Amino acid sequence: MTRHLQLTEQGRLKHFLTIEGLDRELLTEILDTAESFVGMSEHQVKKVPLLRGKTIVNLFFENSTRTRTTFELAATRLSADVLNMDIARSATSKGESLLDTIRNLEAMQVDMFVVRHALSGAAHFIAQQVAPHISVINAGDGQHAHPTQAMLDMFTIRQHKKQFEGLKVAIVGDILHSRVARSQILALNALGVAEVRVIAPKTLLPAQVKTMGVTPIHDMDEGLADVDVVIMLRLQKERMNSAFLPSESEFFRCFGLTEAKLQRAKPDAIVMHPGPINRGVEIASSVADGPQSVILQQVSNGVAVRMAIMSMTMRSGGTA
Amino acid sequence: MTRHLQLTEQGRLKHFLTIEGLDRELLTEILDTAESFVGMSEHQVKKVPLLRGKTIVNLFFENSTRTRTTFELAATRLSADVLNMDIARSATSKGESLLDTIRNLEAMQVDMFVVRHALSGAAHFIAQQVAPHISVINAGDGQHAHPTQAMLDMFTIRQHKKQFEGLKVAIVGDILHSRVARSQILALNALGVAEVRVIAPKTLLPAQVKTMGVTPIHDMDEGLADVDVVIMLRLQKERMNSAFLPSESEFFRCFGLTEAKLQRAKPDAIVMHPGPINRGVEIASSVADGPQSVILQQVSNGVAVRMAIMSMTMRSGGTA
Amino acid sequence: MTRHLQLTEQGRLKHFLTIEGLDRELLTEILDTAESFVGMSEHQVKKVPLLRGKTIVNLFFENSTRTRTTFELAATRLSADVLNMDIARSATSKGESLLDTIRNLEAMQVDMFVVRHALSGAAHFIAQQVAPHISVINAGDGQHAHPTQAMLDMFTIRQHKKQFEGLKVAIVGDILHSRVARSQILALNALGVAEVRVIAPKTLLPAQVKTMGVTPIHDMDEGLADVDVVIMLRLQKERMNSAFLPSESEFFRCFGLTEAKLQRAKPDAIVMHPGPINRGVEIASSVADGPQSVILQQVSNGVAVRMAIMSMTMRSGGTA
Chain A
2 MTRHLQLTEQ GRLKHFLTIE GLDRELLTEI LDTAESFVGM SEHQVKKVPL
52 LRGKTIVNLF FENSTRTRTT FELAATRLSA DVLNMDIARS ATSKGESLLD
102 TIRNLEAMQV DMFVVRHALS GAAHFIAQQV APHISVINAG DGQHAHPTQA
152 MLDMFTIRQH KKQFEGLKVA IVGDILHSRV ARSQILALNA LGVAEVRVIA
202 PKTLLPAQVK TMGVTPIHDM DEGLADVDVV IMLRLQKERM NSAFLPSESE
252 FFRCFGLTEA KLQRAKPDAI VMHPGPINRG VEIASSVADG PQSVILQQVS
302 NGVAVRMAIM SMTMRSGGTA
Chain B
2 MTRHLQLTEQ GRLKHFLTIE GLDRELLTEI LDTAESFVGM SEHQVKKVPL
52 LRGKTIVNLF FENSTRTRTT FELAATRLSA DVLNMDIARS ATSKGESLLD
102 TIRNLEAMQV DMFVVRHALS GAAHFIAQQV APHISVINAG DGQHAHPTQA
152 MLDMFTIRQH KKQFEGLKVA IVGDILHSRV ARSQILALNA LGVAEVRVIA
202 PKTLLPAQVK TMGVTPIHDM DEGLADVDVV IMLRLQKERM NSAFLPSESE
252 FFRCFGLTEA KLQRAKPDAI VMHPGPINRG VEIASSVADG PQSVILQQVS
302 NGVAVRMAIM SMTMRSGGTA
Chain C
2 MTRHLQLTEQ GRLKHFLTIE GLDRELLTEI LDTAESFVGM SEHQVKKVPL
52 LRGKTIVNLF FENSTRTRTT FELAATRLSA DVLNMDIARS ATSKGESLLD
102 TIRNLEAMQV DMFVVRHALS GAAHFIAQQV APHISVINAG DGQHAHPTQA
152 MLDMFTIRQH KKQFEGLKVA IVGDILHSRV ARSQILALNA LGVAEVRVIA
202 PKTLLPAQVK TMGVTPIHDM DEGLADVDVV IMLRLQKERM NSAFLPSESE
252 FFRCFGLTEA KLQRAKPDAI VMHPGPINRG VEIASSVADG PQSVILQQVS
302 NGVAVRMAIM SMTMRSGGTA
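If you read the protein sequences in the order shown, they are chains A, B and C.
Going left to right, the first sequence walks through residues 2 to 321 as my numbering numbers them.
Going left to right, the second sequence walks through residues 2 to 321 as my numbering numbers them.
Going left to right, the third sequence walks through residues 2 to 321 as my numbering numbers them.
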């Protein structure tokens with residue numbers, strides 16, 4: 002059903018809510034489209050008129066400067082007009098429902114909603130409700146999905162490894178609460194990597210982990226052995242309590258990525274992180290700033306990948 | 002005097018502060034101009050270059066996401082540059098006076114102020130002070146006026162009823178504290194409707210109601226009988242105390258618009274509300290979302306009407 | 002060293018961090034470039050495409066609506082895209098370091114940082130760290146420098162006095178804590194005025210005042226005698242305590258600028274103030290609004306001077 006919600010009858014991307022239900026061909030089309038926007042940053046004028054006259058609403062119910070900023074830049078570089086909605090201060094605080102907020106913005110003839118919300122399913126709900134010409138992009142919903150982050154990660158992996166076949170990828174950290182990990186796992190499997198390992202203490206792995214197409218491992222030395230890609234997750238410090246985790250230093254000792262532990266991976270393994278990083282908590286500074294780190298390339302690619310997804314969804318809107 | 006302040010010597014719109022003193026011809030010109038912008042929303046590129054290179058300042062001393070957003074969209078679709086001033090955080094909090102704030106923005110060669118302020122008369126005061134090339138638009142001042150809201154309401158009525166002659170219009174709710182109602186009453190009378198009824202408990206009607214050109218009525222069944230248009234006002238919940246009002250449920254029972262009460266109006270009567278609506282307080286959800294509701298069309302029309310008013314005031318500025 | 006940091010090998014402006022190390026020729030080039038932008042405000046379309054497709058980040062760690070607004074307007078009138086970073090709400094509050102914030106924005110291919118920070122040296126630090134294509138402009142760092150303010154002041158002086166040779170300039174107020182005064186003193190001396198006097202109580206003068214190329218004076222009558230330019234500083238009310246200052250009224254009596262005291266200056270002396278002004282604290286309203294005041298012209302010139310500095314630093318970036 003999600004598949005139908007995201008795609009037009011012709012199979013083109015209409016909304017971008019989750020990696021679930023998207024096939025390798027479509028994910029590859031996103032990566033290829035993003036490729037064409039990467040070179041643009043070297044041009045004198047970093048803008049294309051693809052979305053000129055379109056209004057894109059950044060509807061952020063949760064704060065996220067970094068994600069909002071890359072979406073704003075992506076929209077601006079496509080020549081769209083951007084409306085940043087500061088929801089905490091808006092009519093929703095006067096008791097207006099989410100649906101009434103959406104209906105009102107829709108009535109102002111906006112063309113796209115970029116939605117971040119603390120509730121899983123918020124972007125899906127909005128996509129089910131909006132008028133046919135509007136596209137919805139999920140910029141993170143609860144612990145469910147963060148699909149544009151996953152796609153920029155895939156883009157960065159392809160940039161360095163050329164193809165997904167045969168790759169061994171380790172995702173390390175709080176898998177249980179991570180919408181990023183959930184979307185990465187779906188994308189990596191759809192794109193055909195050889196193995197996805199999730200490395201975490203048992204308390205930070207979902208109960209149904211075996212059904213996710215991953216190999217759960219509780220030890221860094223074992224998990225990092227021979228991998229091509231190491232993806233570190235951000236440790237949400239607010240989760241740091243006795244129920245889930247012992248202490249920051251204990252976590253770092255067991256699951257933090259150090260130069261020594263990274264030696265277990267392939268010599269040309271790349272190190273990724275969705276940011277913002279907690280130096281000395283989940284990753285050592287020497288690794289984050291080291292030669293194998295591609296963390297800042299992920300940020301750069303984030304703009305291009307979001308431009309690709311925005312322009313693809315709007316294109317399908319035009320022909321719907 | 003307000004008339005002179007709002008109009009150039011040639012009788013063209015220079016500022017837009019109140020409906021008072023504007024004649025039927027000028028109000029009709031606004032509606033006709035807005036008409037030309039309504040179709041634009043169906044174009045691929047929803048922009049015209051009418052105000053390119055102009056700087057429009059949203060000077061909101063009171064929060065109002067919806068109104069600010071439609072003004073921002075209207076300005077953007079006229080290709081103007083928009084400066085959103087968050088007054089709570091600005092130099093006024095360093096003790097700078099309103100007039101010094103205005104003088105400084107003026108010195109930055111801005112072209113228009115869109116002003117919302119909790120004090121009645123704030124926009125007039127600013128219009129009296131600004132340099133000749135600057136236009137001022139009142140986006141709501143205290144309990145005095147909200148003229149762009151009234152004009153989008155007139156636009157919506159004309160869209161459905163074609164002409165104002167012979168129409169019976171009921172405005173329901175807290176007339177006493179409503180700048181929206183004040184502006185609507187002036188506009189409806191200037192445009193020549195047959196009758197304007199105001200329906201409210203006695204505590205929510207102004208003392209001088211008889212001089213406003215309206216029929217005061219205290220009962221919904223009587224008031225809604227045979228009307229063409231029902232305008233519900235938003236109930237300001239902060240007013241909900243024993244002095245003015247009994248309780249929310251009591252108010253809804255007496256003055257809330259339900260399907261049953263709406264039966265008293267003409268079968269093709271339209272239902273309006275300036276939003277954001279309080280479902281189940283002043284209006285039942287079944288009516289707000291029902292076939293006679295034009296509430297979301299009001300929002301759409303708000304962008305076009307504000308584009309009309311912005312472009313008309315700036316045009317007169319150019320020739321002054 | 003700062004000189005090298007600010008200039009390219011060809012001696013063109015790359016960053017704009019401090020007046021220190023910039024020679025008369027370069028300061029004059031800034032003033033001449035600003036001149037060409039001043040006339041633009043009378044055009045119908047107040048925009049030039051010089052920075053089209055460039056992304057300028059307003060990185061304000063300290064609030065300053067006025068300064069941020071003029072930078073935003075300057076960038077917009079050069080056709081650049083502006084990203085306003087509300088640092089209080091951003092990832093830095095999630096514990097990200099300043100350097101990580103900069104590295105991330107850099108990775109998004111932005112072209113310029115306009116930085117205001119409570120710590121002296123913040124803009125220098127950022128300029129030392131950024132990629133070669135990025136320019137950094139200091140919009141005020143601690144008590145160190147506010148060089149764009151100084152340049153708009155120089156522009157305003159030249160506008161009225163035609164040349165700097167032979168001018169006597171008095172700067173009045175809290176010199177000790179003023180980054181504005183520090184930058185003004187450097188600029189006035191570099192441009193060759195005859196004398197810079199600083200007028201303040203001893204508690205508000207820096208210990209090393211003698212080495213700054215100024216004449217310290219503790220009495221208004223003596224200090225204002227025969228000057229061509231009077232620059233009043235804003236009194237930071239939070240400094241108003243027994244250690245530095247007696248009381249507001251006492252300060253005004255001794256160092257506030259009144260019509261009577263202004264009589265001591267040359268008849269055609271101009272009165273300046275960086276704003277926002279404290280009426281009746283450091284300056285009488287009759288003087289601030291009087292015929293010799295050029296305070297609002299300073300604001301107007303601020304946009305043109307910042308356009309000049311922005312376009313000059315970006316031009317050098319293009320050829321670097």
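The hints are simulated quantities; they were obtained by calculation from the structure and are not laboratory data.
Keep in mind that this is a model prediction, so the values were computed, not measured.
Take these hints with a grain of salt, some might be off.
Repeated chains share a single entry, so a pair holds when one copy, or any two copies, can fit it.
[Said to hold, decoys possible] Below are the SDA-like pairs computed for lysine to any residue, each with C-alpha atoms no more than 20 Å apart in a straight line: (1) Lys203 <-> Thr9; (2) Lys162 <-> Leu297; (3) Lys238 <-> Arg265; (4) Lys48 <-> Arg316; (5) Lys48 <-> Ala108; (6) Lys262 <-> Ser287; (7) Lys238 <-> Arg159; (8) Lys262 <-> Asp227; (9) Lys238 <-> Ile218; (10) Lys48 <-> Val83; (11) Lys238 <-> Asp101; (12) Lys267 <-> Leu100; (13) Lys48 <-> His134; (14) Lys48 <-> Ser312.
Verification of the hints:
| no. | hint | verdict |
| --- | --- | --- |
| 1 | Lys203 <-> Thr9 | neither (40 Å within a copy, 55 Å between copies) |
| 2 | Lys162 <-> Leu297 | within (17 Å within a copy, 51 Å between copies) |
| 3 | Lys238 <-> Arg265 | neither (27 Å within a copy, 60 Å between copies) |
| 4 | Lys48 <-> Arg316 | both (17 Å within a copy, 19 Å between copies) |
| 5 | Lys48 <-> Ala108 | between (28 Å within a copy, 17 Å between copies) |
| 6 | Lys262 <-> Ser287 | within (12 Å within a copy, 62 Å between copies) |
| 7 | Lys238 <-> Arg159 | neither (31 Å within a copy, 56 Å between copies) |
| 8 | Lys262 <-> Asp227 | within (11 Å within a copy, 74 Å between copies) |
| 9 | Lys238 <-> Ile218 | neither (22 Å within a copy, 55 Å between copies) |
| 10 | Lys48 <-> Val83 | both (14 Å within a copy, 14 Å between copies) |
| 11 | Lys238 <-> Asp101 | between (34 Å within a copy, 18 Å between copies) |
| 12 | Lys267 <-> Leu100 | neither (49 Å within a copy, 29 Å between copies) |
| 13 | Lys48 <-> His134 | between (24 Å within a copy, 17 Å between copies) |
| 14 | Lys48 <-> Ser312 | both (13 Å within a copy, 19 Å between copies) |
Hint check: violations occur at hints 1, 3, 7, 9, 12; the rest are consistent with the structure.
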